[in-house]
Every structure is written in C-alpha cells, then in structure tokens.
Amino acid sequence: MNATMSYAQAIHDGLVEEMRRDPKVFVLGEDVAKFGGAFKITKGLLEEFGPERVRDTPLSENAIIGAAMGAAIMGYRPVAEIMYMDFLHECSDQLVNHLPKMHFMTGGKLTAPAVIRTQYSLGRNTGAQHSQFFPSVYMNTPGIMVVTPSTPADAKGLLKTAIRGNNPVLYIECAALYGNKGEVPEGEYTIPFGRADVRRSGNDVTVVAVSRMVGEALSAADALASKGISLEVLDLRTLVPLDTEAIISSVKKTARLVTAEDSCITCGVGAEVVARITERAMDYLESIERVACPDIPAPFSPPLQKAYMPGREKIVEAVKRMMTSMPL
Amino acid sequence: MDNKIPKAMLLSLYETMVRQRMLEEEVVDLYKKGLIPGLAHPYIGQEAVAAGVCAALEKDDLIVSNHRGHGHSIAKGVPERAILSELMGKDAGMCLGLGGSMHSTDLNCGVVFSTAIVGGGIPLSVGVALALEMDKKTNCVVCFFGDGATNTGAFHEGLNLAAIWKLPVVFVCENNRYAVSVPVTKSTSAPIAQRSQAYGIPGRLVDGMNVLDVYTAALEAVSRAKKADGPSLLECETYRYRGHGVYDSGLDYRPQEEINEWMKRDPIQSFARKLTTEKTTTIDELEAIRSKVKSTLEEAVRFAQERPYPSEDILTRHVWA
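Protein chains in written order, with the working numbering: chain A, 42 to 369; chain B, 35 to 355.
Hints listed in this document are in silico derivations from the structure and should not be mistaken for laboratory results.
Remember, predicted model here, so these are calculated numbers, not experimental data.
Fair warning: there could be bad hints in the mix.
A short, non-exhaustive set of chain B residues, derived as facing chain A with CB atoms under 7 Å [claimed, not checked]:
#, residue
1, Leu158
2, Pro289
3, Val353
Listed below are the simulated DSSO-like cross-link pairs for lysine-lysine, each with C-alpha atoms no more than 27 Å apart in a straight line [to be verified]:
#, chain 1, residue 1, chain 2, residue 2
4, B, Lys171, B, Lys93
5, A, Lys84, B, Lys200
6, A, Lys65, B, Lys93
7, A, Lys65, B, Lys261
8, A, Lys75, A, Lys65
9, B, Lys171, A, Lys65
10, B, Lys328, B, Lys308
11, A, Lys65, B, Lys170
12, A, Lys75, B, Lys200
13, B, Lys260, A, Lys65
14, A, Lys201, A, Lys81
15, B, Lys170, B, Lys261
16, B, Lys170, A, Lys75
17, B, Lys200, A, Lys65
18, B, Lys298, B, Lys220
19, A, Lys268, A, Lys201
20, B, Lys171, B, Lys298
Negatives, chain B to chain A, calculated, CB over 10 Å [as the list claims (entries may be wrong)]:
#, residue
21, Lys41
22, Leu141
23, Ala165
24, Ser215
25, Leu239
26, Lys261
27, Leu309
28, Thr330
29, Gln339
Think of the CB as a built atom: it goes at the ideal place given N, C-alpha and C, for glycine as much as any other residue.
If we strip away everything but chain B, and leave its shape as in the complex, we get:
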C-alpha cells in the first residue's frame, strides 16, 4: 500500500500532523499567557488519527467533531487563523466568537460541527448521513469521538440507527486510553472495535500512532460508506500526551513512564523517520515544511491577537434564524 501512495500525499500527511502539533503547542502557550479563555483540549499525540482519516476524504465529505477538535479542523483544511480567532473569542473566529474552543463549523471545508457533549455528535452525524443518503449524494460523513463516548447511550442509539438505515457514516473512535482520568480498562467492558459486532457493522482496530495505517483503514471504511454499504467503526489506539484539558497536567492518574513509552511511538517523528530512511524525502525537505507551517502559525497568532472582540449586538443576532 505504502508504495502506491504518491509522495505529495505522504508529505501532505506529514504537513497536516505538523500543523496540528504546532497549533496545539501554541494553544497551550497562549492559554498559559491568558490569551485563550475557558477550556481547550489539546490533540497532541493523536495527530495521526485525524490526519490519516481526513486524507481519505474528499473536499465535499463531511466531519462531525468533538471537544478535542482543533486537529480535526486542521486536517480538513481550516486555516489556523480562523481556529485561533475562535479560541481567543475574536470576531474572525470560525463561529464568530460565539462557540469557543469546543465548537467548530466551516462548511467550506466540510467541518459540520463539533460538540462539547461527549457522544453528542454521534446522533447528529447520523442525521447528516441520512440527508446525504436521501440526497443520493456519494459523499460520506466521519464522526470523531473518544473512548469515553463509547459508553454513552448516544453511541448505542446512533450506531444502531446508522446500521439499520445503512447510512454513509464512518465512526472513528480515538481511544486515547483515558476518559479524563478513568482508564479505558476500568470503564469499558470489551474492546471498542468489537462493539461493532453488536450492530452488525465492520469494526477494525487500527494503530492510531501510525498515520499510514489510519489512512489505509479509513480509505476502506470511506469507500464502503460511499458505496452505500453502510457504516463502519474504526478504533484508533492512540494517546494524548497532555492532560484532558489545558488546565490538567495529566500526571495525577498516569505514570510518567507510560507517557514516555507512548511518546517513543510519536506519530510525527516515526513517520519522519520512515520517510527519510526510505529516502522518500530528505530531512531538509521536512524542515522546509516545518518552517512554512511555523510562519503560517505565527502570522495566524498575530492575526487573531489583532482582531477585535465581537460587538455585543451579535449576542442577539444568532439566537433565532
């Protein structure tokens, strides 16, 4: 499979992950400086999942995201400046500053919505898929959620309904091992991918630290959805390096050794190693990508900082359509 993937796609996967990582490191920094109010949930460590899944999508394919959603937006092509402006509560934000870190909508990029209620995006994504199916479109929708969401009623209701109606939706569970502080082993009775069997849909366990594995698995699930063969569940095993949110060290419930072990499998570094050892690209070429991403990000930070806060009249403008 690897050999068939064009170099441009490989470099694009790398660039997406670097954009996600650099953005989130900046977010943590801006939060510490008091420039990002409220909550923010860094995607650091999980980059391969959204990068691999969204690479398997076309522009008109859609995603429904969640509270840890900045990486999903990046992977779907949303510019850093729109994300950062939203996180800072500025008028140029994706949701005009009304949403915040946990809400993203950019219909030009296919980002339908991200919800701040764990599991809440699943029923919504089923409705989006229903509309695609009724419109006889060949697009699909991907719904991202964490391991915690798989224990909500919304997960059960949503997967069952999508399965009986054979809807074009791909359910992507990012199993980062912890629902805030509770480990998946103490919260979840059976391997998550196996739960697909209860709904009669394919379920697959994927190495969520390996962007090519994710990409390959996503291609198959997306193709199935687009052929009207119905939904699939991908469980991507991954890890968040940071705490649940920017305010959480993540060290109260996880040993440092465990974090170190996962960081040895870092999705960006391991992919860079693979690309250079296989001579697909050079260190210099990757460095050029990093510096391009960095300067885009710096420009985005300046942009967001300079933007004004929304005017108060917006408070009443979007309550009713």
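Chain A extracted, bound-state conformation:
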C-alpha cells in the first residue's frame, strides 16, 4: 500500500517516526520548535516531543553543529537543521574540520552519528546567497555521507537510514521539491546508501542526475521519446557513497553520458562522475556533456534566473547535440 504525499511531508513523517522509535533522536536548529522550521518540516514536533527534544537555537551555525556533534559522540542521534545550504559556510569549521574526522582522528574511539539537514533554494528567486548547491565540497571531505533525495519516497527512506547509521550525514533537501507529491510506501522502510536508482530505462543516452534535476531529466526523456531518442535516467540519491558501478553499467549500454545538477559546473558532481567514467569505462564512451549552472553567482531577477538555471531544455539540447554529432 502506498500513500500520496509531498516531499516535505515525507521528510516530516520520517523524522517523526524516528523520534518515536528512538528517544536518542532529537532536533535542533533555528526556528525549528514553535515555528516548525523555515520550511515547516519540523511542524508539530515541539507539541509531540517537547522542548527537550525540539530545540530552537540562536543564529549560531558553528554552535549548532558543535552541539549536535558533541551530543552525538555521547550517544545521541541529533538531527540539526541548517536553514539554507549557503549557511553551511558559516559552520565549516565544525562541519568540515571536526565532524567528518572525529572517528578517524581518534583511532575509531569516537563516533559522531549526527545528521545535518539543510536545503538549497535555487529556482526560488532568492539571490546569490540563498540559492547555492555545492555538494561536491563535502564529497571532497572524507568522513561525511552526502544524501540528495529527489522524491518523497526516497526522502523518507534515506532520512531514516541517515538517522540510524553511525556516521555523520549531510542530508540536502531541495526547496523547489517540497511541494512535489509522490507515492510513499506505508509502514516501515529504509533506503540503503550508495545505490543509484534507474528512474527510467533507455538505450541512447545516460543522464546521471542529482536532486531537482532528476525530475527535469525525466521530463526531458518524455520530450525526446517522441523524437525516437531514448534516455536512461539515473538518480544518484547519495553522492557519498557514490554508486559508480551503476553509472558504469548504464554508460556501457548507452555510450553517451549527460550529468545534470544544480551546482556550478566547475568541480561539481558531474566533474567527478565524468572523471570516474573516463578512468573506468573510457573505451565505451562516445560523448559526454555536463549540464549545470554556469560559473556565475545565482542572479535574482526571474528572467535572469531562468537563463541561469539548468533544466529540462538544457538536457534536451545536450542530448540533441550528442545525437546529431554521432552517426546513428
């Protein structure tokens, strides 16, 4: 049996279910208590779990991560909310220099199973400091899992895996997806990390997509199907661990790779995907293109934002370039 619910509701439900299951799970962050979070993900939690387990914090991102980490090494399973992904740069010391390295630096004596939830807002006209999506920074920081759900079902199942695991997790939501509805299994389920999901099978081009771009890739696949071009859409779901084998096996079939993400293009997720495929499957590869934001800060004005953002059209164009440059 499935229920239809929004991406936001699925995250909320996952959190509530984990808090009911395990008294060591608690929530902290800016405006998470009475206000229910800037995006209402934690709405109702204060009423059900009380102020001890649902904690408003000051605007102190370093202290939020430090508090989560300190409690985590003492046996708690904190879920910290950082309101915008951009604000992760406020807490880079705790998030990059400390949290991912605690287990390693101590020879395995400490574990820090803290989940850091955040969201990126590209597409919502929020300007250069409230739009950024830069997960590859954390792919380049060993010791923290990086999760980027694209559907309500994945959002819930991956959050549960994040909370139950023993490693730190950066769980990156996409604000543009909060209202999207989808089928979510009823009852208990989790989704393992490191397994990409083939969201659509196809033969001509592999689109490796992250977060919001999964939906855009599926939409591009619909548009191209009528022209006789068949896309295979791979949703990475987690960037650390990265399901390299799934990408390789798809590219071996299609020989063409498009990566699609809301990051700026240089050193983005696509850069790493392309590097891995080039190392491991170069002989199978006929063409590659990365679809991403240009190396420009996010603009505000709606027409400029539209021009700036990657989306269905840019994927379609990339695929068409590939298909015309190659003899069919």
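Given chain A's structure and the hints, the job is docking chain B onto it.
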C-alpha cells in the same frame, strides 16, 4: 582553604605538575632528536592550570582539550606511554597514531577530544554538556582553550549557547599572553574574564601560576555546573616558557626579561617552596615523587620507541564507523 586540603591531594597536585613538566621537557628533546614528527606545543609554565582544574574533577567528569593538550591529558590521568606513543606516531598511541600531538582521546580517563583548531573545541564541549544534561547526569565537562580562542566566533557562539541552555560546562581560558606571537594586549579588547558578563555567566580571574588558586576556583565553577546552575568562565593568567610550538624559540616577540620574570613565579617551584616551608612535606618526599615520575617517564619513552608504527590497513579502517 589550604588548610582543609588533605596532604595526599597536595602531593598529588605536585606530582601532576612534575609529570606535565618532565613529559614536555622530554617531548622537546625527542622532537630535537627527530623522534617526534610534525607539531608539538609544550605546556611548560602552564602546569598549574590543568593540574588545579582536573583535581577539582571526578573520574567521570570530562574534558575537551586543544593543541597544547599533553598537560591536560596527564592531569586527567592518561599514562605517559599512551601520550608519547601517539606523539611518535606509534600503534599504541591514544588515537592509534592517527591523531598526533594535537589529538587526544581517552574515554577511560574522561579525555573526550582535543582539537587542533583554535576555539573549535568550544562548540563541541557545549554538545557534550548538552548530552550530560539530557542524560540527567551530575557530571560536567571542562573545555580548555587559550587567549587566542576568545577572539573566535566559536567562543561567542559556544558560550552564548551554553549560557542560554544552562549547561554543565566550565570554560577554562589559559591566558598565556600570546596567540603565537601577538600579545593579548594587542588582540583582545577587554579583560577575558569580563567577557563572561556579556553571556550572563560568572567570570573569574585566577592566578594561573598558583595551583591552589586554580583548584579553589575550579571547585566552585565545577560545583556550580554540577548543581545545574550553568557554565562559568575562568581566566587563568599564566605563561608559556617556550615558543608556541617546538619549532619556535619564543624569543622573536618576547623579551628575555619578561620570560625571566614569569619563571620567577614558576608554579612547581613556588608550590614546592610553600609545601616545604609550611612543613606539609619534606624536600626528600618531593624528591621521591620526582624520581618516581622520572622512572615512569623513562619507561614510557622506551615503550613508545619500541612500539611499531601502525600497519597501513588502519588508514581505511576508521574513516567510516
């Protein structure tokens, strides 16, 4: 207060400081011989702070330390052999050789972690205190940091959060007058202890060269934390005799006369003088402590030198839990 402190405690304070001093002198020597790679930041001169503070703690109380942390580990009861093995990068180190001089963890002794990022331990200690509070434990955590850390954002964020949540943490600032080379007078706008007022918590200026003063002040702050009355800030005025790290002479930015003046107030010698003139103990008894510490240290040096380096498979073993 002094009169009420049992002799065993007084001798234990003395022994802790001697252990700290002798270990660090050995560390400097081993570094010069090329047996300790990387960085090491000697605690020499500051012994009274960790000795006095940790004497006010119970075994289950916790500490969060920093890059100048060997003295903190000693004061919390970590054996010299585990510290030296870590400093030499050997497999028997506190962190299996993965951490180095600036990282210490020994949960049996209550040493949670020491960070190599100045100020970075403060938010972490707040989280540890939060867990103690949520667990309804009566223990507390002490966070040690230097004067330099009080100018980081982490200091502000951490003290404020600990204060609003009334957490059982004692913030101990070891004001050794210099953040590497910059004197506190040129970096810090107001006396550090006074900064506590901005967070609505008690702040106290303590003579960090006097182990009994530190002990007494720490008892009060620890008791406050354990009674759920919230955090405190202790500013312990002290001095590092050596440079910032083993590679730094410490003479490029400090006049020798200033160093000499502080050394006249040496925490170990002055405490020994006090104990003998007040006839609490004898020179012979103190000498016996010194020679016991020395032989433990010599054995620890041999132990660490003989231990193997960690096997390479450990590289991947502790990235993920």
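Do the hints match the structure? See the list:
no., hint, in the structure
1, Leu158, "5 Å, holds"
2, Pro289, "34 Å, violated"
3, Val353, "6 Å, holds"
4, B:Lys171 / B:Lys93, "13 Å, holds"
5, A:Lys84 / B:Lys200, "26 Å, holds"
6, A:Lys65 / B:Lys93, "25 Å, holds"
7, A:Lys65 / B:Lys261, "24 Å, holds"
8, A:Lys75 / A:Lys65, "21 Å, holds"
9, B:Lys171 / A:Lys65, "15 Å, holds"
10, B:Lys328 / B:Lys308, "22 Å, holds"
11, A:Lys65 / B:Lys170, "13 Å, holds"
12, A:Lys75 / B:Lys200, "20 Å, holds"
13, B:Lys260 / A:Lys65, "22 Å, holds"
14, A:Lys201 / A:Lys81, "18 Å, holds"
15, B:Lys170 / B:Lys261, "11 Å, holds"
16, B:Lys170 / A:Lys75, "24 Å, holds"
17, B:Lys200 / A:Lys65, "20 Å, holds"
18, B:Lys298 / B:Lys220, "25 Å, holds"
19, A:Lys268 / A:Lys201, "40 Å, violated"
20, B:Lys171 / B:Lys298, "42 Å, violated"
21, Lys41, "36 Å, holds"
22, Leu141, "6 Å, violated"
23, Ala165, "3 Å, violated"
24, Ser215, "22 Å, holds"
25, Leu239, "25 Å, holds"
26, Lys261, "19 Å, holds"
27, Leu309, "37 Å, holds"
28, Thr330, "23 Å, holds"
29, Gln339, "20 Å, holds"
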